[in-house]
Amino acid sequence: MAVAKSNALKALSVAALTLPGLLQTTKASQKGTKPSLDFQYGHYQESDDRISVDIYQGLVVLPVTKNLEIQSNWVVDTFSGATPVLTMPESVVQVTTGASGISGVDGSQSVIVDEQVVEVMTGASTRETRYGVDLGFSYILDNLTFQASGSRSEEPDYLSHAYHLGVEWGFNKKFNTLSVGFGQNFDQIEPTTRKLKEDKTDHHFQLGFSQVVSKKSLLKLSASYTHSDGYLSNPYKKVYIQDLPADSELQSGGFANVFYENRPDKRHQWSVSLGYIQYFSTLDSALHLDYRYFIDSWDIDSHTFEIVYYQPISDGWMLIPRLRYYSQSEADFYQSFYAEARSDNYYSSDFRLAGFGTLGGGVKLTKEWQRVSELAESIKLEFGFEYTAHAANLKLGHQSASDVTDFNYVLFTGAITIQF
Amino acid sequence: MFSPLPLFVVGIVLLLTACTPNIAPWERGILAKPHMASGSSALESSLRKHMQVSKEASSGGHSSGGGGCGCS
Chain A
4 MAVAKSNALK
14 ALSVAALTLP
24 GLLQTTKASQ
34 KGTKPSLDFQ
44 YGHYQESDDR
54 ISVDIYQGLV
64 VLPVTKNLEI
74 QSNWVVDTFS
84 GATPVLTMPE
94 SVVQVTTGAS
104 GISGVDGSQS
114 VIVDEQVVEV
124 MTGASTRETR
134 YGVDLGFSYI
144 LDNLTFQASG
154 SRSEEPDYLS
164 HAYHLGVEWG
174 FNKKFNTLSV
184 GFGQNFDQIE
194 PTTRKLKEDK
204 TDHHFQLGFS
214 QVVSKKSLLK
224 LSASYTHSDG
234 YLSNPYKKVY
244 IQDLPADSEL
254 QSGGFANVFY
264 ENRPDKRHQW
274 SVSLGYIQYF
284 STLDSALHLD
294 YRYFIDSWDI
304 DSHTFEIVYY
314 QPISDGWMLI
324 PRLRYYSQSE
334 ADFYQSFYAE
344 ARSDNYYSSD
354 FRLAGFGTLG
364 GGVKLTKEWQ
374 RVSELAESIK
384 LEFGFEYTAH
394 AANLKLGHQS
404 ASDVTDFNYV
414 LFTGAITIQF
Chain B
4 MFSPLPLFVV
14 GIVLLLTACT
24 PNIAPWERGI
34 LAKPHMASGS
44 SALESSLRKH
54 MQVSKEASSG
64 GHSSGGGGCG
74 CS
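Top line first, the protein sequences correspond to chains A and B.
One gets my numbering by counting positions in the first sequence from 1 and adding 3 to each.
One gets my numbering by counting positions in the second sequence from 1 and adding 3 to each.
It should be emphasised that the hints constitute simulated quantities derived from the structure, not laboratory data.
Here the structure is a predicted model, which means the values were calculated and not measured.
Be a bit skeptical, because a hint or two may be false.
Calculated pairs, DSS-like style, for lysine-lysine (alpha carbon to alpha carbon, straight line, at most 25 Å) [stated by the list, open to error]:
| # | chain 1 | residue 1 | chain 2 | residue 2 |
| --- | --- | --- | --- | --- |
| 1 | A | Lys-219 | A | Lys-367 |
| 2 | B | Lys-52 | A | Lys-69 |
| 3 | A | Lys-177 | B | Lys-36 |
| 4 | B | Lys-52 | A | Lys-367 |
Hey, can you work out the whole structure from these sequences and the hints?
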C-alpha cells in the first residue's frame, strides 16, 4: 500500500513539475513523449450574405527524442460572399442595387460632414482559397525550452513567409517562467483586380512571464511589439474624397471622387496582456480571465476582456462556455467619407479601422476517451458554437454616429485529437 | 511615443517581490490539470486569432503566429 502510494505521489509530482501550459510555447513540448494528430473543421458565417469561410486544419506532433519534438500544421481556408469596399455619402449615390453596389456617383453634389452614409459591397460573389503550412520544433534543455518555426501562407493575391524563434525559462522551482520571442513576416501583395505588386515586412517581439500564485491559481503577464513596414493599405478598399488635389497620386476607384485608400507605410503596435487562472475544488472547474490593452501609432487603442470557464461533467465530458468583449477607437485618418482632402494624404474607410465594439459568446462541449485501444492512448472530440455582434454602439464610451457597418457572425467548430 | 514595456517590467517586479508560494511538489497536482493549462488547443487558438485579426485592428497577446491577408 505504502509502495503504491509513493508511486502515485511520484507520478503526480512528475506530472505537476512540468506545469503544463503555463505559457503556450511549452504546451506542445510538455505532451512530450507521445505523438498526436489533430484535425479541425470550422465554419464562419457573417450576416446579410457577407463573407462565409470553411476552414480545414491539421496538426501533427512527433517526438523525435526525449528532448526534441517536431510539430507541423496546415490550413486550407475557402471563403466566398460579398464584402464592403466603400462607404460614401448618401446624397451622391445615383443608384444602389442592393448588394451589387452603385451604378454611378454624382460628382457635382457637394457633401456635408455629418451626412448619412451608405455601404457599397463587392458585386459578384468572390471565392478564394488560402493554403498555409507551418513547420516547427521545440527542444528542451534543463529548464530551458527552445522553439523555432517557419511558415508559408498562399492565396491568389497574397503570399506570406514567416519565421519565429522563442525561448522559455522555468525558474524559482518552476513557480515562474520567463519567455522571449522574435519573428518576422515577409508578405507580397498582388491584387487580382489591380495592376499592383507590393511588399510588407513585420517584425514581432514578445515577452512573457508567469507566476504560480497558490496551489490553485496562477498569473500570466505578456507584452508584444510589432513594427510593420511597406504596403499597409488594403488594395481592394476605396474611399470617397471631395476636392482631392490632382497631385495626390491616389489611384482612381472608377467613379467621380472615388479613390483607392492610402494608409501610412509604417505602423508600430504594442500590447500588454494580463491573465489569471483560478481552480475551484468543489466543482473541479477552472476559470480563465484575460485582459489585453493594445495601442498603435495610428492612434488606435483597444481593450479586450475574455472569460472562459472549464467545467468537467463526468465520464470525460467537459463543458466550456466563453464570453469576449472587444472595443477599439478609430485610426486618426479614418473617416466614413472625406468632405475635404487631408494634408497628410492618408485615407481609409475600412470598417476595421473604425471605432466599434464586439460582444461574443459561445460554448464548447468535449468528450475524451482514455486508453481506447492498443493503437491510441486517447481520443478527444470537440464541438463548439459561438455568436458575435459587431456594432458601432458597442464601443466603450461615446458611440459612433453610423451603424452602417454593423454586422454579426457565427462560428461552428468540430475537432478530433488522437494521442498515440 | 507610448510604450507599454515599463508596465510589463513593473508587473514582473511586483509579482516577483510577492512571496513565493509555499507549495510542495506533491501539492502541484491541481496546477497540472489540463483545464488549468493556458489557452485552448493550438488549432482552435490559431483559428480564433486569424478570425479576430481579419476583423479587428489589434493583434498581439499570449501567443503569436498567423499569416495571410484577411483582406475581405
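Consistency of the hints with the structure:
1. For the proposed pair A/Lys-219 and A/Lys-367, the alpha carbon gap of about 23 Å is at most 25 Å, so the pair holds.
2. Our distance criterion of 25 Å between C-alpha atoms is broken by B/Lys-52 and A/Lys-69, whose separation comes to about 31 Å.
3. With a C-alpha separation of about 16 Å, the suggested pairing of A/Lys-177 with B/Lys-36 holds against the 25 Å cut-off.
4. Distance check on the hinted pair: B/Lys-52 and A/Lys-367 sit about 17 Å apart at the alpha-carbon level, within 25 Å; holds.
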